[in-house]
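J.: Listed below, chain by chain, are the residues.
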Amino acid sequence: GESVGLHLPTLSVQEGDNSIINCAYSNSASDYFIWYKQESGKGPQFIIDIRSNMDKRQGQRVTVLLNKTVKHLSLQIAATQPGDSAVYFCAESRSGGSNYKLTFGKGTLLTVNP
Amino acid sequence: GAGVSQSPSNKVTEKGKDVELRCDPISGHTALYWYRQRLGQGLEFLIYFQGNSAPDKSGLPSDRFSAERTGESVSTLTIQRTQQEDSAVYLCASSSGGKGNTIYFGEGSWLTVV
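Chain order of the listed sequences is A and B. First residue of the first sequence? That's -4 in my numbering, and the numbers climb one at a time after it. First residue of the second sequence? That's 9 in my numbering, and the numbers climb one at a time after it.
If you're looking for bench data, these hints aren't it; they were derived computationally from the structure. A few of these clues could be false.
To be verified - With a cut-off of at most 25 Å between alpha-carbon atoms, the simulated DMTMM-like pairs for lysine to aspartate or glutamate come out as follows: (1) B:19 - B:76; (2) A:96 - B:22; (3) A:37 - B:28; (4) B:65 - A:79.
Construct the complete structure from the given sequences, taking the supplied hints into account.
T.: Following this line, the structure appears as structure tokens:
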């Protein structure tokens, strides 16, 4: 069925390195994508979003890339810090009209080693 | 308040009992969501409220689950005759409505059914 999934369930990086977290989606009708960060025991925290009319968007130390041809989304974190350790979820929105809901992937656990 | 507020933060209940979880969205947010997150898993959509429109209940897993919302304010999620598989974090989120508006999550209500 339709789903949003992640290529890598875990990612371990050294402090200061760049991190790349990947996500695949299956519905070509999806037109809005969001990355969330979830620290242990907390709710998901919005990081960055991107609409389907864009292929790249930058925030503070984060960049989201969207490749609609292969239905792939990635989150790049520059100069990864220990505080970046968390589970990262991609989510997509696919419905039209006035209602919509997010469909989440399973998440990638990012561990930053000092 | 400044963010989405949920209560209780933790709830332990006996199998077969009913539980009620409360969510106070960010003031002025017309859209409200409930999601469920089982341990180590992604988020599952449960229900979506948008203004005075009929809610999208397509994610509710069984008729034991129901949710209400008073206008554009507080929402309650009720689980009747709880089962052990209902043990999860129940996350509430809100947004100013419409696609592309940031969705903010609360810290969740951790439910354990024993």
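J.: None of the hints should be skipped; say for each whether it holds.
T.: Structure-based check of all given hints:
| no. | hint | in the structure |
| --- | --- | --- |
| 1 | B:19 - B:76 | holds, 20 Å |
| 2 | A:96 - B:22 | violated, 31 Å |
| 3 | A:37 - B:28 | holds, 20 Å |
| 4 | B:65 - A:79 | violated, 34 Å |
Of the numbered hints given earlier, the model fails hints 2, 4; all others are met.
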